[in-house]
Every structure is written in structure tokens, then in C-alpha cells.
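Which chain is which? The protein sequence lines are L and Y, in order. Under numbering that gives the first Met the number 0, the residues of the first sequence are numbered 0 to 136, in order. Under numbering that gives the first Met the number 0, the residues of the second sequence are numbered 0 to 136, in order.
Honestly, the hints are just simulated from the structure, not real lab data. Everything numeric in this text was worked out from a predicted model, so none of it was measured. Do not rely on the hints blindly, as some may be mistaken.
Said to hold, decoys possible - Derived lysine to any residue pairs resembling SDA-like cross-links, with alpha carbons at most 20 Å apart:
| # | chain 1 | residue 1 | chain 2 | residue 2 |
| --- | --- | --- | --- | --- |
| 1 | Y | K102 | L | I95 |
| 2 | Y | K42 | Y | L22 |
| 3 | L | K27 | Y | I92 |
| 4 | L | K104 | Y | F45 |
| 5 | L | K1 | L | A55 |
| 6 | Y | K42 | L | Q99 |
| 7 | Y | K102 | L | I98 |
| 8 | L | K104 | Y | Q97 |
The primary structure of each chain is shown beneath.
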Amino acid sequence: MKRFIIAFIAAYVFIFVWGWLLNGVLLKDVYAQTPNLWRSQSEMMSLFHWILIGQALVIFAFVMIYASGFAGGGVIAGIRLGILLEIAAIGMRLAIYAIQPFPGKLIVYGSVSGLIEMVIVGAIVGAIYKPASARTP
Amino acid sequence: MNWKKFFTAFMAAFIFLFVFGFLWYGTLMRGAHEEVQALFRTKPDFPWLILGHIVMAFFFTMLCVRFVPAGGLGASATLGILVGLVYAGPHLISFAVQPLTTKILGGWIAGAVIQFAVAGAIVGAIYKPSSPATSRH
Chain L
0 MKRFIIAFIA AYVFIFVWGW LLNGVLLKDV YAQTPNLWRS QSEMMSLFHW
50 ILIGQALVIF AFVMIYASGF AGGGVIAGIR LGILLEIAAI GMRLAIYAIQ
100 PFPGKLIVYG SVSGLIEMVI VGAIVGAIYK PASARTP
Chain Y
0 MNWKKFFTAF MAAFIFLFVF GFLWYGTLMR GAHEEVQALF RTKPDFPWLI
50 LGHIVMAFFF TMLCVRFVPA GGLGASATLG ILVGLVYAGP HLISFAVQPL
100 TTKILGGWIA GAVIQFAVAG AIVGAIYKPS SPATSRH
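So that you can see chain Y by itself, here it is in the shape it has in the complex (with noise of 0.2 Å):
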């Protein structure tokens, strides 16, 4: 594995998982949120959010690394797509027993799906493994 590049993988992964969390759910869906204040934290709790996103890009990257070993946007981004649907099934279980709107549910779908595809993407972008070529010069 080339290391390097994983590193520089990551960290993009992070800084756009953790941007888009914060435009999408923090912002764009806000008002959806406001509806079920009682559902949420008045503050988020940023030492776990933080936190949790580094777990999911650190992992997340580690799976596209494992999955699309050769790297590349297109590959990267259909695993993004198919991670995005491993979590978005939970989210539909949470609608049937949490009082969720229909718009926090269609949101937190979409938000998941686009969310991986273009993490997936960024991954496939950055990540190259070292060429035979390379490694043997």
C-alpha cells in the first residue's frame, strides 16, 4: 500500500465528508430538523462528531484502497454509491421507529448516497498504488 497517498486520501475524505455534514445536515436540512427539535441535540457535541468522522473517512478509505486497489474516480465513486446504500438502509429502519419527518428521511438518503459517491470519488481521485515500474527502479 502506498502509505503517502492513503494519508493524503484520508484527509481529503475527512475534510469533504465532514464539509458536506456540515452544509447538508447542518444547514440545508436544518429547518427539516427544526420540526423534531425534541429528536435532537440543542448543540451538536463536536469532540464526537469530529470523531466520528474521522473514523468513517479513515475506514471508508480504507475500503475503496482494499476494493478498487488500482484506484480511479469512476470505480471509487460506484463503491461510494454502494456504501451510501448500506447506510441509507438504517436510516429508513430509524424512520420506522423514530418520529422522523418523510423530509428528514428522504434527506438523510440523498445526503448519504451523494455523500460517499463524491467521498469515493476524491478517494479513487488521490489514490494511486505505487507502478511496478516505480517500485522496482
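Next up, chain L with everything else stripped away, as it sits in the complex (with noise of 0.2 Å):
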């Protein structure tokens, strides 16, 4: 449980300071173009714990999925269930740009950039995550 907690922390971490810098830094001004997409500045703000409980979800299912299925795998099995995740995702992606008018480097900025998060989380949470078994000499 101690080690579920730690790398769920240390996988939000992460994925906190990765969403911001991605999203509200190197695409602030892909976004731009497409500001009838968005709410303003000041309405994001208001809803900004939104962001924070969905970054949380995203991180606990990721560990609970590690935890419970690919655990004693350490990093590689970690990344592996990140891989899987993320394209699994791009194709949510994909189906998503089909009904919303998204700008198409967009989702190829989104994808690329999802799957290299997808792939650190994997490698955090599977480097720090060791089940009961495995710690046990």
C-alpha cells in the first residue's frame, strides 16, 4: 500500500508538470487557433481542480492496472502497459478528431507527446511499485 501511494504520487507528479508544460507552454499557441474550442483563461481557471482530479483518475487506474495485473514486471512491464494504454488512447484520439473540428497537428502533437508521458509513468510507477512477493526474501 506504502508503494502504491509513493508511485501514485510520483506518477502525478509527473504527469501535473508534464500537462502544463506541454498544454499551457509548448502548444499555447496551437491552441490559439482554435480559441471558439475553448473556455477563456479566467473559466479554465475556476475549473481548474477538474484538471487535477482527472490527472489523479488517469494516474490511480494506471497503478491499480500495474498493481493488480503487470506487477513484479518492474519498469519494463511498466512501459509496456503504457505503451498498450497510449495507443489504445490514440485511437480514442483518432475517433475523437473525427466528430470535433480539432486541428490536425493537434492530435499528432497530443499523441506523440501522450505516449512519451505514458511511457515514463510506466517506468516511474513500474521502478517503485513491487508487489508484497517480491519485496518478501
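Once you've looked at the hints, go ahead and assemble the two chains, each given alone in its own frame, into the complex.
Now the structure itself:
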């Protein structure tokens, strides 16, 4: 349980910082091309807690999957889980692109960065979380 | 890996994900989507929609097969619920940055969890690895 919580916090801190750097800094100009699709800055700030809850949910469910199925595999198993989850998510992103008029490059940047993000999340979780049997000598 | 059963499970998952998506998001939630028409295309871009579902179904099936190597409806459905929660997180983030309604947010989250839980159950019911006894003879 202790390692579950540590893995959750470490991965959460990473995706928070990554998400801010990517969406708040690097892709700022791309988002600015479609202002009609986004809330105003002040509205986003008033709903910021939903971003925190959303990121927490992603990481909580990721660690749960890892802990109940991939545990014991270490960093490589964590990375494998991250890759499988993210490529399926790229499929979902393509389906969303089919119904929402996002710029194509936003989907490309989002997918590439999402893959890097989930590989690192998987590595963090795999490095920190160890199942009880693996810890017992 | 039993590739024949994998392919059957993938096809079944793809058909389910696509039909469920059409019924849930395209039919039941149509009214909710029409409340914020500016956020959606007038007509879905079908090639991207189909490709997205193929990618989603393939890698979700791969995840189920790796996560629940023995197959089984219950375990795969549980995995599907967790995967649905991983994908529900970005919906919460979308709600914070896009002018979506709470009705859409609730529908998307419920849709993701139900969709992947049932898809997991389908994959788990179809995919069974070759038993050692079978493969020896």
C-alpha cells in the first residue's frame, strides 16, 4: 500500500508538470488557433480542480492496473502497460478528431507527447511499485 | 498467443465498440451534443472514426490478452472498467478546458466505463489461450 501511494504521487507529480509544460507552454500557440473550441483563461482557472481530479484518476487507474496485473515486471512491464494504454488512447483521439474540429497537428502533438508521457509514467510506476511477494526475501 | 482467437476477439471488440459508440454518443447523446454545436463537426469524418476504433479495439484486446492471459469474462471486465477510468480522466480535463456541459461530461464518463467494461467481458469470453494439454497433442 505504501509503495502504491508513493508510485501514485511520483507519477502524478510527473504528469502534472508534463501537462503544464506541454499544454500551458509548448502548445499554447496551437490552441490559440481555435479559440472557439476552448474556455476563456478565467473560466479554465475556475475549473482547474477538474484538471487535478482528471489527472489523479488517470494515474490512480494506471497504478491499479499495474498493481493487479503487471506487478513484479519492473520498469519494462510498466512501460509496456503505458504503451498499450496510450496507443489505444491514440485510437480514441482519432475518433474524437472525427467528431470535433481540432487542428490535425494538435492530434499529432498530443499523441506523440501522450506516448512519451505514458512511457515515463509506466517507468516511474514500474520502478517504484513492487508486489508484496517480490519484496519479501 | 492463440492468434486465431485473438483476431476473433479483436473483431468482436471492434464491432461492439463501434456500435456502442454510435448508439451511446451518436444517438442517445445527440441532444446533449447539439447544445454546443460549435464544438462538433456537422458530420463525423468516418475514415478517421473507423481507423480510431480499429486502433482502440486492437490494442485494448492486446492489453486484455496480456493482462488476463488465462482469459475469463469477470477479470477482463474488471480490466475494462479500469481502462475506462484511465480514459475518463481526460474527459474531466476536457470539461475544464472546453465549454462542454455537465450532461456531456457525465455521458462521456459513463460511456467510457460501460464501453470498456463490456468490451473487456467480450474479449475475456472469446479469448482463451491454448491449454498446455491441447498444445502437446
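Against the structure, the hints:
1. Y/K102 / L/I95: Holds - the C-alpha atoms of L/I95 and Y/K102 are around 17 Å apart, at most 20 Å.
2. Y/K42 / Y/L22: OK: Y/K42 and Y/L22 at ~16 Å, within 20 Å.
3. L/K27 / Y/I92: holds, 16 Å
4. L/K104 / Y/F45: holds, 19 Å
5. L/K1 / L/A55: Distance of about 17 Å is within 20 Å: holds.
6. Y/K42 / L/Q99: holds, 10 Å
7. Y/K102 / L/I98: Roughly 18 Å between the alpha carbons, so the hint for Y/K102 and L/I98 holds.
8. L/K104 / Y/Q97: Roughly 18 Å between the alpha carbons, so the hint for L/K104 and Y/Q97 holds.
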